[in-house]
Amino acid sequence: MPRKVGYAHGYDDDYDDNYDDDYGNYDDDYDDSEDAYRQNHDLKGNTSSQKLPLARETARKPIVWSCSICTFDNEDSALVCEICCVYKESFVKSGKEANGTGNNIAAASVASRTVKGQPEKLPVKVADKELISADSYGKASTPYERGKTTNSASTAQKVDKVVMVQKEIKLSEPFDTVSSHLKKVNLSDTSVTTKGSSESLPSCSRELNLGDRPSSSNSVSDEQYKPDKWMQFDEEKEALSQLNLAIVGHVDSGKSTLSGRLLHLLGRISKRDMHKNEKEAKEKGKGSFSYAWAMDESAEERERGITMTVAVAYFDSNKYHVVVLDSPGHKDFVPNMISGATQADAAILVVDACTGSFEAGMDGQVPGIAGVGQTKEHAQLVRSFGVDQLIVAVNKMDAVGYSKQRYDFIKAQLGVFLRSCGFRDSSVSWVPLSAIENQNLIEPATDACLTSWYQGKCLLDAIDALQLPSRDISKPLIMPICDVIRTQSMGQVAACGKLETGAVKTGSKVILVPGCEIATVRSIEHDMNACDVARAGDNVAVILQGINPSKLIPGGVICHPEFPVLMASRLELKILVLDVAVPILIGSQVEFHIHHAKAAARIVKIVSLLDQKTGKATKSAPRFLKAKQSAIVEVSLDGAVCAQEFSKCRALGRVFLRASGNTAAVGVVTRLVDPV
Amino acid sequence: MQLIRKNLVPDGPGTVKVKPVEDDDMWHAYNLICTGDKVEATTVRKVLREMASGGRDAERVKLKLEVKVEAVEYDKEGSVLRIRGKNLTVNDHVKIGQFHTLEIEPHRPFAITKDIWDSIALDILHQACDPSASADLSVILMQEGLAQLFLIGRSITTARARIETSIPRKHGPAIAGYETALKKFFENVLQAWLKHIDFSIVQCVVIASPGFTKDQFRDYLFLEAQRQDLRTIIENKSRIILAHATSGYKHSLKDVLESPNIMNLIKDTKAAKEVRALKDFFTMLSNDPSRACYGPRHVEFAHDRLAIQTLLITDNLFRNADIAERQRYVRLVESVKDSGGTVHIFSSMHASGEQLAQLTGIAALLRFPLPELDDLEM
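Residue numbers (my numbering), protein chains in the order written: chain A, 1 to 676; chain B, 1001 to 1378.
It should be emphasised that the hints constitute simulated quantities derived from the structure, not laboratory data. Quick caveat, the model's predicted, so the values are computed rather than measured. Treat the hints with caution; some may be incorrect.
Here are some chain A residues the structure puts well away from chain B; computed CB gaps all over 10 Å [unchecked claim]:
(1) Leu266
(2) Glu283
(3) Phe333
(4) Ile436
(5) Gly456
(6) Gln467
(7) Ile547
(8) Pro561
(9) Pro564
(10) Thr618
(11) Val673
DSS-like mimics (lysine-lysine), calculated; alpha carbons at most 27 Å apart, straight line [said to hold, decoys possible]:
(12) A:Lys551 to B:Lys1184
(13) B:Lys1183 to A:Lys276
(14) B:Lys1250 to A:Lys551
(15) B:Lys1095 to A:Lys331
(16) B:Lys1267 to B:Lys1237
(17) B:Lys1279 to A:Lys626
Beta carbons are placed, not taken as given, at the ideal position from N, Cα and C, and that holds for glycine.
Turn these sequences into a full structure, and let the hints guide you.
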């Protein structure tokens, strides 16, 4: 299945491959996609069932295959290389082998491929719907049930059920309704699967609800890590899970006002505070800023009327505890936006509907001179943060008289760009609204002009419709420090940030990198409320004990004491060059951003140029890199930063290179050259 | 640098006696002296003497020695040149062939004897002895939490101070912590300012930063100057300029010097020419990449086709210990000049030179496109 968009292969890595492909098929032609889905899992179950005798002995050892392009060791279950997205070479072969063993499923897939005459394309598209019989599933999954119920087997089984159910109801609904079916089936089908170990079911079904993303590859060293009981998700206690939502967009598009208004409507700002803000804003002659001031608290920001650093606020929607990361839109504060908003799970891209303002956001401040506005830059950045779900809030609709024409124009223009960034149409939702007139925020619009043509979701419903990304609780703790708060009076020091993997509870020991100091967690706070346990994905403040406060700096990482992350000052990256005027040369000086850390860096080596589509190296040691090229490069940093290969830890493996005030390239870490 | 005596044949042997005056001159002297040259200067040496009683007695004697240079070391902070070599002068205390290290400081004359005074060496000498006003400029490059103070001279840029503080982001009620941290940070920058900036030397001070940090700092500076009655700042208000920088790191210094109002101040200085030349190179690279190249291999490839219009080269390539290598670059520079091209020799002590040094130290703008360059590996 060829990708429809030309955005680089590597930046879609964060979609898990199965998920990715299914989604892609879904976009194409819906009828096939279910089969593809089913087939995909069936193939998986099938290949693993062949390996079963072996699998018992080697249960602890990861089975890997080496990518023919980048030689990266991928997990066996991955069909596509995690680094360069090249298809597993032996994949076609394995299909043939399966044919030999008498299993006709793979044969069918091969046959259907040859019929279509596209043997090199993704082989999961199958035309024949009747091939998968229930007993072939039985064969594949019963040994698993006797052994330990692994995820893929039970998933496959459930998927089978789903498929059958859906055949009956003649499915032709969008994917999210499919997942709701999945849920229903899970409920009805527990009795069938009780042969397997029933305790593992909740976790399986949870993963299924998340859009079926099997947990990504564990590194070899992490293999011996076993999560404790308390780390597991407890569904009864915590009804809502946390969603980190970044609010991004061009300067003056109304990000802070929108966040402030949302908080106010949801009752997170007391009447007294609101009144105070209103009064002060009026005194300064900036009446329209009263909501933004709920977010912009520093005197400097209020004075100038722009946000300078990322503000954090909390509200609860029907489905989630939402952590709002209100980012600055001004060009000069993009570094702040990067270091503050990398933790986002999803984002709202706010665009200004006013004539001229939207255009400035797309093409830069100065009309006539081609540049990149922050609407574009932020969208690209947010995509490379690993965010795949986006809500585009078309703000200030009141200023254009709620014109459908203007909305459609913006949707068309921006839609093309977002697609080229790698956002899927199906995961981008569009909401026209007006923050200042309170249209379409938490309840459907009331203005007749808007309701005459828009009956879709309001912003809050759109937030609820977001899917939670998978959380890696089973891996050792990693928490990049976004911010450090010192309380002088108490002598306390707290590190704020989002847990990327693992979990932490009061009293557990953690190690701080850099410095490798062991500290004890005294307490954990979420939105000023103490909590006992924080798990992957939660945005919390961790108050530490027994540590030199000066060692605690933003950009550091809190880790599990036995699994500290590595530091490196020389890294090999795979980058995609964005729209830059000046090409990247050997020796180019850039600002290097990784999670919450930043450093000055320079390119020391351009190893090779990569082909956009295949990910193969096309040219070694080129002279320079131009816009839209992707390449493997080596950078050397001023000081060491905490980093990890993207394949091991996504959050610590995403990098952003900026030069002369623009984001020059985004990429992932492929290798630490001199890990310390 | 003051030229005291000059007795030489271009492209032939000769001796020059000079007296360095400023810090910049030490840098020129460093570039002038190569291994194999002879340097004569007054120096002090500790001499050990055996007493009749068998005891030892150390004595410091002032001598005039000539050494054959084996290594040259430049101390940026102390502005001292250390020349290590074997003694050539006959005297009572140091034998011929014994090692000695000469220390050259400002206001101490010395004589250099070279076998060949090539065009590069003569250029340096000429430049060093040119008394045109130097562009002494001070730049404070800052971003929230990081500030660096630079002094920019004619051919060297020195980093005088670096202040780094962690400033918390805003977090609800912790906003007060942000303001105090910022104030503390500004206070440290002000201290560095008072320590390093002398308005009798520095023409003007540029405060550069992305965003509003520069404005915030200027406001703080003037307020503090009033409060503490800092006469130097109050009197020189007009010599303090604001400029936009894209970040607080050193490589953004280039952007600061490129901005038009700063460019005006340093118009005719070497630093300004270098900044412009490098900018031209990058502009060419983005507009017509086949007319720009870098790296010794590519530049020589272009030179063989007589394609070089402007050659950019850093001075550290001429400081090469390998004499043959130096000769190669000298010949390259001379032949580019002969074929009607221009040559910019960058001081590796400036931000622009530093950047060029990282781009392999050599780059060129071409007269006509050479698309073949793309097929040549770096």
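Separation of Gln467 (chain A) from chain B, once the least beta-carbon distance is taken, above 10 Å
Gln467 (chain A) clear of chain B: closest Cβ-Cβ about 28 Å, beyond 10 Å.
Within 27 Å, alpha carbon to alpha carbon, are Lys1183 (chain B) and Lys276 (chain A)?
26 Å, holds
Is the nearest Cβ of chain B still more than 10 Å from the Cβ of Leu266 (chain A)?
16 Å, holds
Between Lys1267 (chain B) and Lys1237 (chain B), does the CA-CA distance stay at or below 27 Å?
22 Å, holds
Distance rule for Glu283 (chain A), whose beta carbon must clear each one in chain B by more than 10 Å:
19 Å, holds
Interface exclusion of Gly456 (chain A) relative to chain B, criterion Cβ beyond 10 Å:
The assertion about Gly456 (chain A) holds, with a minimum of 34 Å to chain B.
Quick one, are Lys1279 (chain B) and Lys626 (chain A) close enough, alpha carbons at most 27 Å?
Since the Cα atoms of Lys1279 (chain B) and Lys626 (chain A) sit roughly 17 Å apart, the hinted pair holds (cutoff 27 Å).
Should the label of Phe333 (chain A) as a non-interface residue stand, given a Cβ cut-off of 10 Å to chain B?
The assertion about Phe333 (chain A) is violated, with a minimum of 6 Å to chain B.
Against the 27 Å threshold, does the CA-CA distance of Lys1250 (chain B) and Lys551 (chain A) hold or violate the hint?
At roughly 25 Å apart (the allowed maximum being 27 Å), Lys551 (chain A) and Lys1250 (chain B) satisfy the hint.
Val673 (chain A) non-interfacial with respect to chain B [C-beta, more than 10 Å]:
17 Å, holds
Evaluate the condition: distance from the CB of Thr618 (chain A) to the nearest CB of chain B exceeds 10 Å.
12 Å, holds
Are all C-beta atoms of chain B more than 10 Å from that of Ile547 (chain A)?
15 Å, holds
Of the numbered hints given earlier, the model fails hints 3 and 15; all others are met.
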